Amino acid sequence: MKHLGWFLLLMAGFGLTTAGLMLWHDRGFAFTGIWRLDDGLHPLYLLIVGIAMIPPALGEILLLEQRRGDG
Numbered sequence: 001m002k003h004l005g006w007f008l009l010l011m012a013g014f015g016l017t018t019a020g021l022m023l024w025h026d027r028g029f030a031f032t033g034i035w036r037l038d039d040g041l042h043p044l045y046l047l048i049v050g051i052a053m054i055p056p057a058l059g060e061i062l063l064l065e066q067r068r069g070d071g
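Quick note: the sequence shown uses my numbering, first residue 1, plus one each step.
Bear in mind the hints are in silico, worked out from the structure with no lab data behind them.
Keep in mind that the hints are not guaranteed to be accurate.
As the list claims (entries may be wrong) - The list that follows gives simulated cross-link-like pairs (lysine to any residue, SDA-like), each with its CA atoms no further than 25 Å apart:
(1) 2 x 53
(2) 2 x 65
(3) 2 x 17
For clarity, every value in this text was computed on a predicted model and none was experimentally measured.
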């Protein structure tokens, strides 16, 4: 049960990364409008947040597995 929250965060990170890449591809990988928030968030923000969520969640999962194996 301890792993469930971390796996959900990991899944959300990969989902945001995938959505960010797909939406950014739809815009032709253009950087136009990245600083304007009038038109909504640029897909690059989703990509950045998704990539930032993956390493901490994966690290915590690995630490929990290591502690379970030691104890």
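Evaluated hints:
1. 2 x 53: holds, 18 Å
2. 2 x 65: Holds, at about 10 Å.
3. 2 x 17: holds, 24 Å
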